[in-house]
Amino acid sequence: MPAQSQIHARPRRVPLLAGRLSRPAGAHLRYRWYVPYLFLLPGLSLYLLWMVYPLGYEFYISFFDWKIMPGQTSQYIGLENYRRVLDDKYFWLSLENTVRYTVVTVIGQMVIGLALAVLVHRVFIAKRLFRAIYYLPVVTSWVVVSFLFQFIFSSHPGGLANYVLTQLGLLSAPVAWMSETKTAWVIIYTLGIWKGIGWSMVIFLAALQGIPVELYEAAAIDGAGEWGQFRRVTLPLIRRTTLFVLVALIIGGFQVFISVYLITGGGPLHRTEVVLSYMYDRAFDRLWFGYGAAISYILAAIVVFISFVQMRFFRQTDEE
Amino acid sequence: MSILPRTQRGFQITILIILIAGAVIAVTPMVYMVSTAFKPAAYVPEFPPRFIPSNPTLENFRTAFASRNFDRAFFNSAKVAVATSFVVTALASMMAYAFARFEFPGKTLIFYSVLAMMMVPTMMLIIPQFILARRLGLQNSHTGLVMVYAAGGMAFNMFLLRGFFEELPRELEESALIDGANQFVIFTRIMLPLARPALSTVAVFSFLGAWDEYIWALTILTDPAKRTLPIAIQNFRGAHATDWGLVFAASLTAVVPTVLLFIFFQRYFVQGISTGALKG
Amino acid sequence: MKHKMLVVVLALALILPAAAVQAQGDGVTLQFWHTYNETSPENEMLVTTLIPMFEEAHPGIKVESVPFPYGEFRQTLLTSLAGGEGPDLARLDIIWSPEFAALGVLEPLDEIMPDFEELAAAVFPGPLSTNVYDGHTYGLPLDTNTRVFMWNKTLYERAGLEGPPATIDELKAQCEPIKALGDDIYLFSDGGTYGWAVLPWIWSFGGDITDPEITRASGYLNSEATVAAYEFLAEMVNSGCFSPSFLGGGMDTGQGYFNDIFASMLDGPWMFPIAEAQYPDFEIQAALMPAGPGGSISVVGGENIAVFKGSRDTEAALEFLRFTQSDEYQLKMSEVGQLTVKPALLEDEYFQNHPYYGVFLEQLQTARARTPHPTWTQMEEILSDAGQLILRGEASAQEALDAAAEEIDSLLAEGL
Numbered sequence: 001m002p003a004q005s006q007i008h009a010r011p012r013r014v015p016l017l018a019g020r021l022s023r024p025a026g027a028h029l030r031y032r033w034y035v036p037y038l039f040l041l042p043g044l045s046l047y048l049l050w051m052v053y054p055l056g057y058e059f060y061i062s063f064f065d066w067k068i069m070p071g072q073t074s075q076y077i078g079l080e081n082y083r084r085v086l087d088d089k090y091f092w093l094s095l096e097n098t099v100r101y102t103v104v105t106v107i108g109q110m111v112i113g114l115a116l117a118v119l120v121h122r123v124f125i126a127k128r129l130f131r132a133i134y135y136l137p138v139v140t141s142w143v144v145v146s147f148l149f150q151f152i153f154s155s156h157p158g159g160l161a162n163y164v165l166t167q168l169g170l171l172s173a174p175v176a177w178m179s180e181t182k183t184a185w186v187i188i189y190t191l192g193i194w195k196g197i198g199w200s201m202v203i204f205l206a207a208l209q210g211i212p213v214e215l216y217e218a219a220a221i222d223g224a225g226e227w228g229q230f231r232r233v234t235l236p237l238i239r240r241t242t243l244f245v246l247v248a249l250i251i252g253g254f255q256v257f258i259s260v261y262l263i264t265g266g267g268p269l270h271r272t273e274v275v276l277s278y279m280y281d282r283a284f285d286r287l288w289f290g291y292g293a294a295i296s297y298i299l300a301a302i303v304v305f306i307s308f309v310q311m312r313f314f315r316q317t318d319e320e
Numbered sequence: 001m002s003i004l005p006r007t008q009r010g011f012q013i014t015i016l017i018i019l020i021a022g023a024v025i026a027v028t029p030m031v032y033m034v035s036t037a038f039k040p041a042a043y044v045p046e047f048p049p050r051f052i053p054s055n056p057t058l059e060n061f062r063t064a065f066a067s068r069n070f071d072r073a074f075f076n077s078a079k080v081a082v083a084t085s086f087v088v089t090a091l092a093s094m095m096a097y098a099f100a101r102f103e104f105p106g107k108t109l110i111f112y113s114v115l116a117m118m119m120v121p122t123m124m125l126i127i128p129q130f131i132l133a134r135r136l137g138l139q140n141s142h143t144g145l146v147m148v149y150a151a152g153g154m155a156f157n158m159f160l161l162r163g164f165f166e167e168l169p170r171e172l173e174e175s176a177l178i179d180g181a182n183q184f185v186i187f188t189r190i191m192l193p194l195a196r197p198a199l200s201t202v203a204v205f206s207f208l209g210a211w212d213e214y215i216w217a218l219t220i221l222t223d224p225a226k227r228t229l230p231i232a233i234q235n236f237r238g239a240h241a242t243d244w245g246l247v248f249a250a251s252l253t254a255v256v257p258t259v260l261l262f263i264f265f266q267r268y269f270v271q272g273i274s275t276g277a278l279k280g
Numbered sequence: 001m002k003h004k005m006l007v008v009v010l011a012l013a014l015i016l017p018a019a020a021v022q023a024q025g026d027g028v029t030l031q032f033w034h035t036y037n038e039t040s041p042e043n044e045m046l047v048t049t050l051i052p053m054f055e056e057a058h059p060g061i062k063v064e065s066v067p068f069p070y071g072e073f074r075q076t077l078l079t080s081l082a083g084g085e086g087p088d089l090a091r092l093d094i095i096w097s098p099e100f101a102a103l104g105v106l107e108p109l110d111e112i113m114p115d116f117e118e119l120a121a122a123v124f125p126g127p128l129s130t131n132v133y134d135g136h137t138y139g140l141p142l143d144t145n146t147r148v149f150m151w152n153k154t155l156y157e158r159a160g161l162e163g164p165p166a167t168i169d170e171l172k173a174q175c176e177p178i179k180a181l182g183d184d185i186y187l188f189s190d191g192g193t194y195g196w197a198v199l200p201w202i203w204s205f206g207g208d209i210t211d212p213e214i215t216r217a218s219g220y221l222n223s224e225a226t227v228a229a230y231e232f233l234a235e236m237v238n239s240g241c242f243s244p245s246f247l248g249g250g251m252d253t254g255q256g257y258f259n260d261i262f263a264s265m266l267d268g269p270w271m272f273p274i275a276e277a278q279y280p281d282f283e284i285q286a287a288l289m290p291a292g293p294g295g296s297i298s299v300v301g302g303e304n305i306a307v308f309k310g311s312r313d314t315e316a317a318l319e320f321l322r323f324t325q326s327d328e329y330q331l332k333m334s335e336v337g338q339l340t341v342k343p344a345l346l347e348d349e350y351f352q353n354h355p356y357y358g359v360f361l362e363q364l365q366t367a368r369a370r371t372p373h374p375t376w377t378q379m380e381e382i383l384s385d386a387g388q389l390i391l392r393g394e395a396s397a398q399e400a401l402d403a404a405a406e407e408i409d410s411l412l413a414e415g416l
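Those protein sequences? They're chains L, D and Z, same order as listed. Residues 1 to 320 in the working numbering are what the first sequence lists, from first letter to last. Residues 1 to 280 in the working numbering are what the second sequence lists, from first letter to last. Residues 1 to 416 in the working numbering are what the third sequence lists, from first letter to last.
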């Protein structure tokens, strides 16, 4: 399969963000000075208009008691929005929930994704079929699967989750999943993991397929069993992939929104609120745009900080 | 299998059993959705749950398409997704080509600035983007959707395509240059056809992203005639007593094209997300 | 160079906003946003009977009906207005009128309508008053309703119960027989602890949210009577008499009622047309809200119709608003569960012999409205959260309500 050989070749050859820009094209390619800019212009203007400008503008908004209705005037209030956000118990709760969601779902997706990748890698038949099936939830819309999980975790005894779990004897009576904070989280965590496994599985699988068979043979000669080979050969060789998956999933975890917004709406008592659902609620339900902007900035700062720390870590492990 | 040693055979069977069990868990929710879509009006789940409807019916699909501009929403989503896919592929490939093949002042700065923005969660910009859309009169406009989707996907796709362009041999362009072709001709006649696999990956992912996008569409579209599929589905859910059969008939209509796309372009999906491993 | 042109055209097409100018012929198309329930016949009545009737009488004016699910309506409307893309007219829950009036997006009808006095005189003063903010009237009532006690005949018979309880004490006594029918069957259910759900209990226990002038909640929300109401609800939920749907996210109350899971509920007149459409064999039984120390007091619901500033054609919008106040509109809507706001119509034979409106009209005699205040949405969130703490046993009723009263006090002191 040509597609696969390309995949595992790439992550190794092309360095991560640290990658250098391409070698200068040299004198062979002659062009007028403005030609590169013409190539950049359409895409870059769109990007500046909708990404860069809003980033700056949001910073500005966050210093105002921003009024959105026509005819009202906004008032400069300095750091007041930030002070109020940092004083807001619901903000801290939503942040804590976001972190917890990230930890739970990242571990779930990585462990199960890796385990499945190892199995799919070793199985002799229907490799591609399994890969496709596990990937199916990834391509399904978040809105659809959110409603689907809401239905599956219905409080009714005929709800699929209630029925299966009571039949298996794991539950003694049907549960009103959405009424309690803990059980509401079960729905959201399960959905997050179920939907994400396929993605990490495909990436791990590509990495596994890049490991030369000889290494396993050598380890086997040294007397390593299955588990020993996994620990001594597989894990070290997919470390870069593992780190990549980790970073990408953490960034993704912090952006959890649709499932919470549609399944619990943050309730009960804001206890399943996550940062983005809280931000959206304050901005578009209360019309506290300055407040929402401040929440956004704090979240972005956290995510960027985590990304930087992880990139440092990447580089360090590369240098070792 | 018969050539395998006995222990290997046992091992394979164990793996298969685990994988099949996993696959069952992965698809059960989807199957449940499909079967509910074909059941008559379902305000509460059936007890006991059934995967094969006892009286299969197309009624839910009929009702869904007869109400609330659902057919319109389907068309709108298709339009927005195709447009986004086209715009992203065109603009990102141009940018990628510039970074891959040209030297110009500010190159490094621009490149890394674009990349750095990839770390910013897209949704955090929804407040200023909303205000901007309002200023530009882009509320209730599909142009507003396409622009934001395209801008949001620009950096990643540009990065993906740049990697692809860099790997293409330079000799092709050099000979074309000698023949007197200009850069635009080289780009459109030589580079783009060569980059078809990478462009397909970008096109498919952009299409899917736009097809499924929810919150930006929810925020700027209020005109029912403009709504996209995710919003239309939500409206079926929204009423107090939900007819789940209807919700899932609508959902299925939205999901089937993405699944077909996935089956036909499986190769590009795998390629796209694995190349995504560069994203970091 | 063709390609260069293409690129420029493409870029322009992208960066220039699409001129979304609606082609308009001679007439005007008004947008009427509302939450008429699409799974019940009221929306059909509007779209297939009433709007055509209006359009026929007013050539040149077209009315586009734009339905929204109730739960998303307020926020969608806010967002659209913020973007300057609001409707011409909207049907607003009576409790939202002060908030939208305070945002300055509604037309003051008493200033711009010469015939306002006449229209205002024709409707019930109670519902009319929900449109008043800061001395002006920003809308007219469209329909009114209240919640009455609906009981499930099948379950009551199976439990050997005679009929509906007249008092809250009698209701409590019905718990045992109903519980005996099964663990997953409940005497009563509601969907949460928001105002619409808890206020009938608070008022019937003799409690309240704020003083009549709406200046403070302390002494009202945490009064002995209000505390008793919440303690009662907590006791009922914890003993399994009332369904856990009170904690939110449970089974839809109406569906549980129709499916013989909930033996009773409080609900409005629209349930009759819904039952007819979805459960034709089901017979809704309605009675007054069980009385407590404060009497049998339910909550007034209903909707207003308001005209928005920046309407495409204010005169045409006002014309449609007048149409909604006509006897025809009011009677037609009453056929599908939307009770009229015109007292004169109630003399009509239609209402005198109506199969189910009688009990609602009787309940309306004593029913009260939720606090008409621009900050109601925020007050309600505080109220609802306090209710959750109490029902979940995480705070005593007194503690939770003391804290909530204090929060509402400071909210009222701050203003919007």
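Worth flagging that the hints you see were computed from the coordinates, not collected in a lab. One thing to keep in mind: the hints can contain errors.
As the list claims (entries may be wrong) - Here are some chain L residues pointing at chain D (derived, C-beta under 8 Å):
hint: 1; residue: Tyr37
hint: 2; residue: Ser141
hint: 3; residue: Leu170
Where a beta carbon is used, it is the ideal one built from N, C-alpha and C, also for glycine.
Do the hints match the structure? See the list:
With its C-beta approaching chain D no nearer than about 7 Å, L:Tyr37 sits inside the 8 Å limit, and its interface hint holds. Interface restraint check for L:Ser141: the shortest CB-CB distance to chain D comes to about 4 Å, inside 8 Å, so the restraint holds. For L:Leu170, the suggested interface contact is broken, since its CB lies about 15 Å from the closest CB of chain D, more than 8 Å.
The structure fails hint 3 only (numbered hints given earlier).
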